[in-house]
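Asks: Based on the provided sequences and hints, a complete structural model is requested.
Which chain is which? The protein sequence lines are S and L, in order. Residues in the first sequence are numbered consecutively from 0, following numbering that gives the first Met the number 0. Residues in the second sequence are numbered consecutively from 0, following numbering that gives the first Met the number 0.
Hints listed in this document are in silico derivations from the structure and should not be mistaken for laboratory results. Don't take every hint at face value.
To give an idea of the chain S side of the interface with chain L (calculated C-beta under 10 Å), a few residues [to be verified]: (1) Asp342; (2) Ala355; (3) Ala362; (4) Lys380; (5) Glu383; (6) Asp393; (7) His396.
Fair warning: this is a prediction, and the values are worked out from it, not measured in the lab. All C-beta atoms, glycine included, are put in the ideal place defined by N, C-alpha and C.
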Amino acid sequence: MAHSVDLNTDLLRLDMDDSGVATVWIDDPSAEVNTISRETLDGFSEVLGSLEQMSDLLGVVFISAKEASFIVGADLRMLQQFDTPAEIRGLSRRAHRLHWRVQSLDVPTVAAIEGPCLGGGLEMALSCDYRLASTHDATKLALPEVNLGLIPGGGGTQYLPRLIGLQQALSLMLTGKNTYPRKARKIGLVDALIHSPGLHEAGRRAVRQIANGTVSINRSQPSVAKRLLESNPVSRRIVYRQARRRTRSRTNGHYPAPPRLIDAVKTGLEQGLDRGLDAEMRHFGELAFTDESKALVQLFFGRQAGKDNPVSQHAAPFRTVGILGAGQMGGGITEVTAANDLDVVLKDQTLKQAAAGKRQVWADMNRKMEKGIVNQFERDKVAERVVPTASYDDMSHCDVIIEAVPESLQLKRQVLSEIEDVVSDDAILATNTSSLPIQRIAEGVDDPERVIGMHYFSPVGDIPLVEIITTEQTSDETLSTAYELALAQGKTVIIVNDGPGFYTTRILALYLNEALLLLEEGADVPAVDETMRAYGFPMGPFELLDFVGIDVAGKITEVMDEHLPLDRVDISDSARKLADANLLGQKTNIGFYHYGPAENGTGKERKDFNEDIYRNLGQTSRTTPPAEIVQDRLTLMMVNEAVRCLEDGILRSPSDGDIGAVFGLGFPPYLGGPFRYVDQNGPGAVARRLRDLAYQYGSRFDPPDRIVQHEGRGTRFHRDD
Amino acid sequence: MPSDSHKHTAVLVDGCRIPFQKSGSGYTELMSYDMGRMVLRGLLTRTGLPPDELDRVVMGSVIQDVQTSNVAREAALAAGIPSEVPAFTVTMACISSNQALTSGVDLIRAGLADRIVAGGTETLSDPPIRVARPLRKRLFEARQAEGIQDYWDLLEGLNPRDIIPESPSIEEFSTGEVMGESADRLAAAFGISRREQDEYALRSHQLAAEAREDGAFDPELYPAAVPPDFDPITTDNVIRDNTSLEQLRQLPPAFVKPFGTVTAGNSSALTDGASATLVTSAEVAEADGLTPKAAFRDYRYVAQDPGTELLLGPAYAIPQVLDAAGLALDDVDVIELHEAFAGQVLAVLEALQSDTFAEQKLNRASAVGTVQMDRLNAWGGSLSLGHPFGATGTRLVTTAAHRLHAEDGRWALVAACAAGGQGHAMLMERLP
Chain S
0 MAHSVDLNTD LLRLDMDDSG VATVWIDDPS AEVNTISRET LDGFSEVLGS LEQMSDLLGV
60 VFISAKEASF IVGADLRMLQ QFDTPAEIRG LSRRAHRLHW RVQSLDVPTV AAIEGPCLGG
120 GLEMALSCDY RLASTHDATK LALPEVNLGL IPGGGGTQYL PRLIGLQQAL SLMLTGKNTY
180 PRKARKIGLV DALIHSPGLH EAGRRAVRQI ANGTVSINRS QPSVAKRLLE SNPVSRRIVY
240 RQARRRTRSR TNGHYPAPPR LIDAVKTGLE QGLDRGLDAE MRHFGELAFT DESKALVQLF
300 FGRQAGKDNP VSQHAAPFRT VGILGAGQMG GGITEVTAAN DLDVVLKDQT LKQAAAGKRQ
360 VWADMNRKME KGIVNQFERD KVAERVVPTA SYDDMSHCDV IIEAVPESLQ LKRQVLSEIE
420 DVVSDDAILA TNTSSLPIQR IAEGVDDPER VIGMHYFSPV GDIPLVEIIT TEQTSDETLS
480 TAYELALAQG KTVIIVNDGP GFYTTRILAL YLNEALLLLE EGADVPAVDE TMRAYGFPMG
540 PFELLDFVGI DVAGKITEVM DEHLPLDRVD ISDSARKLAD ANLLGQKTNI GFYHYGPAEN
600 GTGKERKDFN EDIYRNLGQT SRTTPPAEIV QDRLTLMMVN EAVRCLEDGI LRSPSDGDIG
660 AVFGLGFPPY LGGPFRYVDQ NGPGAVARRL RDLAYQYGSR FDPPDRIVQH EGRGTRFHRD
720 D
Chain L
0 MPSDSHKHTA VLVDGCRIPF QKSGSGYTEL MSYDMGRMVL RGLLTRTGLP PDELDRVVMG
60 SVIQDVQTSN VAREAALAAG IPSEVPAFTV TMACISSNQA LTSGVDLIRA GLADRIVAGG
120 TETLSDPPIR VARPLRKRLF EARQAEGIQD YWDLLEGLNP RDIIPESPSI EEFSTGEVMG
180 ESADRLAAAF GISRREQDEY ALRSHQLAAE AREDGAFDPE LYPAAVPPDF DPITTDNVIR
240 DNTSLEQLRQ LPPAFVKPFG TVTAGNSSAL TDGASATLVT SAEVAEADGL TPKAAFRDYR
300 YVAQDPGTEL LLGPAYAIPQ VLDAAGLALD DVDVIELHEA FAGQVLAVLE ALQSDTFAEQ
360 KLNRASAVGT VQMDRLNAWG GSLSLGHPFG ATGTRLVTTA AHRLHAEDGR WALVAACAAG
420 GQGHAMLMER LP
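Replies: Structure representation (structure tokens):
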């Protein structure tokens with residue numbers, strides 16, 4: 000008779016049906032999603048004990064009782080509480096033992112997966128004989144540990160390659176990327192798919208049919224080429240070598256997890272499962288205590304925290320967003336807005352310009368359609384949300400306005416003042432600017448309470464950050480609605496106070512200024528770029544200047560110039576000189592480098608270095624300082640200014656500073672952000688290095704008060720470690 | 000006005016259309032669903048109506064695409080209208096969107112809906128081409144075929160000409176007559192000369208060109224931008240600004256050769272386009288703070304023998320709707336009459352002022368009346384603006400409402416003929 004089995008744990012429930020099929024419901028009553036914690040492992044241990052005692056057991060289905068969510072991975076807070084690698088190894092060991100116990104049950108076991116099945120969740124599923132996934136939109140499988148500076152610790156490095164093959168497994172684990180149901184079925188990560196409402200019943204049927212032999216677990220054979228490559232140790236060595244090479248070129252050796260992941264996989268395949276599990280356990284334990292992993296985990300927490308709108312109670316509903324300016328920024332903002340189910344009225348001076356913004360959205364969706372991510376209807380629906388216009392008349396019912404017209408104070412004031420008369424009194428007016436003070440822009444508007452800065456980063460679709468800038472007059476309603484909008488656009492948000500360059504532009508301006516000073520001292524442009532890329536920035540400072548536009552950078556420096564104490568910062572005028580010579584960067588196809596059409600047909604790409612640049616600046620000889628000096632000067636200039644932003648009250652917290660620098664400017668994630676950088680290197684060491692640099696290069700490197708305070712007290716910016 | 004009638008009076012809040020384009024030009028690559036979606040989006044933007052407040056979307060369409068046979072539903076979903084809003088497609092040849100509109104009006108009159116969108120969409124650039132019946136039959140049977148022998152057997156008796164695809168038939172299904180032939184015969188029956196037809200066609204193009212120059216269409220045109228280039232399409236491209244009687248005279252008869260009078264020049268052209276209107280009850284319009292342009296007072300549908308009077312429907316429908324409202328033809332300030340063919344328009348006008356026609360066909364003592372030409376199609380018509388079958392009806396209604404305001408009139412009459420021998424007429428009264 001169908002009945003429930005009493006358990007001590009409240010994280011799992013065990014039901015038996017009439018035919019002897021057990022269902023293990025995973026359902027943490029204290030959380031919205033299931034995670035793998037010590038308690039969960041205790042729970043599984045208890046359930047297995049119970050199952051092992053049953054004489055008439057036909058098989059087991061593991062399934063989540065949560066709404067479209069299987070298990071989202073290990074409980075990271077739990078991992079943080081461990082003090083030694085040995086404790087973490089112990090946890091890993093327990094997971095391995097549970098895996099073995101599931102496999103040792105002499106009845107069929109089936110994981111019935113719906114929603115995210117990540118990390119330890121997927122490892123749990125790997126222990127079953129058979130995996131069934133629902134085709135629900137939320138279903139995705141991944142081992143994303145590498146993104147947190149870790150490797151899978153529950154047997155993933157061993158069992159995944161044995162299930163889906165070495166190359167496929169390495170690719171999934173080294174990128175941490177999601178696999179969606181159809182692909183999962185294709186690569187053998189799951190054995191069958193079913194629609195959402197039939198998942199549990201299908202799980203029980205799978206158990207019965209495996210038990211009576213109607214379904215045999217017969218995974219499709221890999222291709223001949225793949226079998227040849229992966230079937231012997233000699234050719235497998237080629238695979239390991241390729242993986243290591245690719246990893247090195249992607250990470251420049253700054254991330255310790257990927258090489259250890261490869262080592263764990265290799266040990267397991269070449270020396271046997273037990274040795275492999277030992278290697279996994281050892282690496283997992285050690286990695287959890289690396290600075291890199293801690294930095295990445297803290298960034299993850301910071302980003303999660305940013306998903307809660309701190310003033311959500313004030314938010315007004317919005318349906319239609321009006322965007323002024325259909326250029327690169329306006330088009331990008333339109334795209335992330337329309338793609339997230341909001342209507343957009345996109346205005347530019349002519350209908351043709353506005354329609355070009357719509358084309359950008361359509362073209363992007365069309366690429367997604369060609370890749371099979373969306374169908375034709377979904378593409379059409381997103382593109383149709385965008386209404387291009389040359390007239391304010393079509394914007395009267397917009398709930399939020401985001402202006403993205405060119406960076407001119409007068410122009411921005413003018414368009415906001417014009418639109419203010421068109422929209423309702425409740426509509427909020429956001430301005431997308433990288434450097435103009437919001438306060439000054441708001442002066443053009445009758446009601447400055449509704450004005451706020453929303454600083455997006457180019458390319459808008461790829462850069463996660465939105466920096467929201469409030470003035471003293473900005474109302475809570477305005478802030479709250481802008482925050483909700485940025486979240487709806489899928490963005491990571493920080494709130495900062497108004498000031499020259501706010502936070503991100505201010506620290507970036509000084510970083511780029513320092514690069515130009517290096518250039519003036521005779522540093523070689525490609526060498527500096529290469530050095531900074533090797534340090535972990537996505538592009539070098541000169542490439543970045545070309546990307547944002549040398550004229551824009553020059554203008555930002557001008558704006559900043561008025562506000563920065565001159566004795567503290569030597570302002571380079573090289574950007575202005577180059578801009579005067581019409582060397583603007585990518586937009587003129589020439590700046591520090593030459594640019595031309597990309598070979599893959601989308602956009603532009605960097606070609607050769609522009610040798611004439613030194614002559615333009617009247618320089619003849621080249622001497623580049625050692626890489627370490629270049630890295631320290633540039634990075635510490637950014638760090639220093641970030642700390643000053645905190646002192647000046649621009650930043651609300653060190654965590655915002657880290658999130659903003661990493662997700663907006665590409666500050667190397669393994670360093671965790673400017674504040675984490677100071678904490679991990681120690682405020683004392685950083686202060687000493689700054690004093691050295693100040694002695695050699697000028698007072699702009701003087702350590703800011705807060706660093707000196709932390710040095711004196713032996714404290715840190717972050718209190719979490 | 001008593002509150003109950005206020006509640007059940009349907010009013011036109013606004014209407015719009017994408018610019019009409021000659022088939023094979025601006026919208027060649029589009030499905031009718033694409034154009035339907037675009038015009039619905041335009042209407043929502045223009046009116047600012049929250050789409051979740053809609054009760055129904057009704058669209059007319061004539062040439063069906065089997066992928067989107069309920070094109071209203073697919074267009075509404077893709078336009079961002081919530082999935083909870085039902086949508087249906089109606090088809091009644093050239094008066095399909097008139098039927099779409101009156102279906103919506105009926106829902107409001109019956110108290111079953113407060114806010115509806117009615118419109119129409121049509122592409123004639125991509126007619127559905129089918130393989131011949133013998134091949135279709137075999138393809139259907141092939142689904143059950145197993146093995147080479149079965150497939151081989153299916154080929155037996157298949158004639159080589161059976162593999163030639165067939166275009167959709169343009170003849171009237173019941174009579175086998177092409178519509179242009181009917182128009183030619185109708186013109187002859189009412190004594191309409193070739194010259195009169197050409198002059199009427201010229202008038203249509205000239206009035207449309209003037210109206211466009213005056214910006215008369217600006218309130219009803221919602222610009223289109225079409226993938227992959229998204230170059231805006233902002234004006235109708237069927238209007239021939241420079242056509243002349245000289246040119247029109249030289250065109251050969253298109254249907255009845257060599258002595259017929261209907262030519263390509265005095266017929267409406269194959270056109271792609273879409274139009275839509277927002278209709279609410281008078282009460283809801285007031286509550287929502289909307290300013291409706293006109294109220295729908297009455298309408299009639301009529302049908303005759305498609306063999307003899309294929310395109311004469313308006314001559315029957317107009318007197319009926321006028322009688323119902325107690326109005327005379329002269330009381331009407333604005334007339335929007337669908338122009339399928341110049342000869343058909345003139346035949347209808349002739350029938351209306353004919354005592355004989357009135358006695359024999361309408362059972363009336365005397366003629367309905369003479370249409371004053373300055374009230375008829377003053378901004379051009381289907382001959383010059385184009386005629387995307389399913390989209391013409393709501394274009395006529397929107398233009399009629401705009402003309403009432405521009406010409407300071409009170410009553411507007413919209414009428415149209417349709418394949419199958421059917422016809423429609425509707426009376427609108429200007430608001431406020």
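Asks: Decide, hint by hint, whether the structure agrees.
Replies: Comparing the hints with the structure gives:
| no. | hint | in the structure |
| --- | --- | --- |
| 1 | Asp342 | holds, 6 Å |
| 2 | Ala355 | holds, 6 Å |
| 3 | Ala362 | holds, 7 Å |
| 4 | Lys380 | holds, 5 Å |
| 5 | Glu383 | holds, 5 Å |
| 6 | Asp393 | holds, 6 Å |
| 7 | His396 | holds, 3 Å |
Of the numbered hints given earlier, the model fails none.
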